[in-house]
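Peer 1: Residues per chain, in single letters:
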Amino acid sequence: MAQTKRPDGRALDELRPITIKLGVNKNADGSCFLEWGKNTVIATVNGPKPIFPKHLADSTKAVIDYKYRMASFSVTERKSPVPGKRDKEISLVSGQALESAVMVEQFPNTVIDVNVLILSADAGTRVAALTAASLAAADAGLPMRGLISAVAAGRADGALVLDLDKNDEDTEDAVDMACAFLMPQKELALLQMDGFVDKKDCSKILETALKGAELVYEIQKKALVEKYPMEGDIQ
Amino acid sequence: MKRIVTPGELITDKNKKVGGNVFIKDNCIYSSVLGILNESEDYVSIVPLNGPYVPEVNDAIVCIVKNVTSNGYVIDINAHNDCFFPKSLITKELRIGQMLFARVKGVDGSDITDLDNINILPVGNIIEAPSVKVPRIIGKNDSMLNVLKKYTLSNILVGRNGWIWCVSKNINLLEKAINMIILNSQKSNLTNTIEEYLKNNS
Numbered sequence: 001m002a003q004t005k006r007p008d009g010r011a012l013d014e015l016r017p018i019t020i021k022l023g024v025n026k027n028a029d030g031s032c033f034l035e036w037g038k039n040t041v042i043a044t045v046n047g048p049k050p051i052f053p054k055h056l057a058d059s060t061k062a063v064i065d066y067k068y069r070m071a072s073f074s075v076t077e078r079k080s081p082v083p084g085k086r087d088k089e090i091s092l093v094s095g096q097a098l099e100s101a102v103m104v105e106q107f108p109n110t111v112i113d114v115n116v117l118i119l120s121a122d123a124g125t126r127v128a129a130l131t132a133a134s135l136a137a138a139d140a141g142l143p144m145r146g147l148i149s150a151v152a153a154g155r156a157d158g159a160l161v162l163d164l165d166k167n168d169e170d171t172e173d174a175v176d177m178a179c180a181f182l183m184p185q186k187e188l189a190l191l192q193m194d195g196f197v198d199k200k201d202c203s204k205i206l207e208t209a210l211k212g213a214e215l216v217y218e219i220q221k222k223a224l225v226e227k228y229p230m231e232g233d234i235q
Numbered sequence: 001m002k003r004i005v006t007p008g009e010l011i012t013d014k015n016k017k018v019g020g021n022v023f024i025k026d027n028c029i030y031s032s033v034l035g036i037l038n039e040s041e042d043y044v045s046i047v048p049l050n051g052p053y054v055p056e057v058n059d060a061i062v063c064i065v066k067n068v069t070s071n072g073y074v075i076d077i078n079a080h081n082d083c084f085f086p087k088s089l090i091t092k093e094l095r096i097g098q099m100l101f102a103r104v105k106g107v108d109g110s111d112i113t114d115l116d117n118i119n120i121l122p123v124g125n126i127i128e129a130p131s132v133k134v135p136r137i138i139g140k141n142d143s144m145l146n147v148l149k150k151y152t153l154s155n156i157l158v159g160r161n162g163w164i165w166c167v168s169k170n171i172n173l174l175e176k177a178i179n180m181i182i183l184n185s186q187k188s189n190l191t192n193t194i195e196e197y198l199k200n201n202s
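Residue numbers (the working numbering), protein chains in the order written: chain A, 1 to 235; chain B, 1 to 202.
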């Protein structure tokens, strides 16, 4: 019999619960606190501002300096706070994904600082980080083509699943495909994968991820609109 | 009823005149920022709820001298790039930290800004606000500004870049009132509420 539920009780195409709070850091231009299942992420956006050293400047667009870092207490065994290969790689690809959403060409010779800190990790931190970073950029009022909605999809125990957690990732045949889409245009902005998969399954996983990204996008939109209540008492 | 739109949201597929903060793709109009939709029969624009200051020609701004070099002054205008003002164009000597009121003379590709009509401001306080909230702080026909001036006994100069120069007898109250305006700018009937708040607390 085909598997219909996962060990944590979720259906195969069900996301973990997501809660979003915007404007949590008063010192940043835009910020977002996001809880995605057991993942906890805080993202801040500062800028555009002058870039130093000057030789890093691009005269045609703003440079996005995306920093993905995991706190040393975010995992069960202490992680060294020194940024490793993994942190640097995720920072690079996520920065490029975010660049496809922000209209960087409007701010030449400047830098936009994006800092994402993972406070607690339980698989899928890079997609949670990117989702939070795009919300922080929207909160900072940067002009954007759309929002980046990221989600992981893949295979666990022979079944195609959406939003893998640590249990799913630890199965023998696990495939973990982290996808980010520019919504609502549904353009692919980031694609990374762990594991082995054939062509047919690959396109099925992508379809599942797109459906998941649409769900994430709705949650993102709701959070942005709810930050500014149109009615109610003035405090 | 006013509606809040998010970046990338489709506003209309009809052919309309467009204002700020929208972009057009495949003959459809999309929002490019998080803001309040301002739509009429033949016109669409978005009033942003937050955002960086982008200098425009003829903006009256409050700025601060950041550095003095051998041939001019580096001036902080709260935009993404500082601006340079040569010594040859001004007779008075400026000091670091001096507050100025100036007009934007020209903008080159939103990168280099030229200033004009520089006036030195007396010593005062600067309150920071997002530049997109400046129209709300001034109000229709200066209504909000007059309320602030009247109840906090202050002299206020609002720069388009979001820096507000003020000399006030009750600076704490003024700061609180401005913060209230910033946090509730999307709500209606704001001037009356602020007036009531200031009346009760002044």
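There may be inaccurate statements among the hints.
[To be verified] Mimicking DSS-like on lysine-lysine, the simulated pairs with C-alpha atoms at most 27 Å apart in a straight line are:
#1 A:K227 - B:K2
#2 B:K14 - A:K222
#3 B:K25 - B:K14
#4 A:K54 - B:K87
#5 B:K176 - A:K21
#6 B:K2 - A:K21
#7 B:K25 - A:K222
#8 B:K187 - B:K2
#9 A:K26 - B:K187
#10 A:K49 - B:K17
#11 A:K222 - B:K105
#12 A:K61 - B:K187
[Said to hold, decoys possible] Some chain B residues well away from chain A (every beta-carbon gap over 10 Å; in silico):
#13 F101
#14 D116
#15 G139
#16 K149
#17 I171
These aren't lab readings, by the way, just hints derived from the structure by calculation. C-beta atoms are modelled at their ideal positions from N, C-alpha and C, and glycine is treated no differently.
Peer 1: If a hint holds in the structure, say so; if it does not, say that too.
Peer 2: Status of each hint after checking the structure:
About 15 Å separates the Cα atoms of K227 (chain A) and K2 (chain B), which keeps this hinted pair within 27 Å; it holds. For a cut-off of 27 Å, the pair hint linking K14 (chain B) to K222 (chain A) stands: about 26 Å separates their Cα positions. The straight-line distance between the Cα atoms of K25 (chain B) and K14 (chain B) is roughly 12 Å, inside the 27 Å bound, and the hint therefore holds. Between K54 (chain A) and K87 (chain B), the direct Cα distance comes to roughly 25 Å. Compliance with the 27 Å bound is thereby established for this hinted pair.
A C-alpha spacing of about 23 Å is found between K176 (chain B) and K21 (chain A), which places the hinted pair at or below 27 Å, so the restraint holds. Pair hint K2 (chain B) plus K21 (chain A) holds up; C-alpha atoms about 23 Å apart against a cutoff of 27 Å. Our distance criterion of 27 Å between C-alpha atoms is met by K25 (chain B) and K222 (chain A), whose separation comes to about 24 Å. A hinted pair counts as satisfied when its Cα atoms are at most 27 Å apart, and K187 (chain B) with K2 (chain B) qualifies at roughly 9 Å.
Proximity of K26 (chain A) to K187 (chain B) is assessed by CA-CA distance (about 21 Å); at most 27 Å being required, the pair is judged to hold. For the hint pairing K49 (chain A) with K17 (chain B), the CA-to-CA distance comes to about 32 Å; that exceeds 27 Å, so the pair is violated. Taking the CA atoms of K222 (chain A) and K105 (chain B), the gap is about 41 Å. The hint is violated against a cut of 27 Å. Restraint check for K61 (chain A) and K187 (chain B): the C-alpha separation of about 35 Å exceeds 27 Å, so the hint is violated.
Under the 10 Å C-beta cut-off, the non-interface status given to F101 (chain B) relative to chain A holds; the minimum distance is some 23 Å. Residue-level check passed: D116 (chain B) sits 22 Å from the nearest beta carbon of chain A, beyond 10 Å. The non-interface label for G139 (chain B) is consistent with chain A: the shortest C-beta to C-beta separation is roughly 15 Å, beyond 10 Å. Interface exclusion of K149 (chain B) from chain A stands, the closest Cβ pair being 20 Å apart, more than 10 Å.
In this structure I171 (chain B) is separated from chain A by more than 10 Å, as the shortest Cβ-Cβ distance comes to about 19 Å.
Of the hints listed earlier, those the structure fails to meet are numbers 10, 11 and 12, in rising order.
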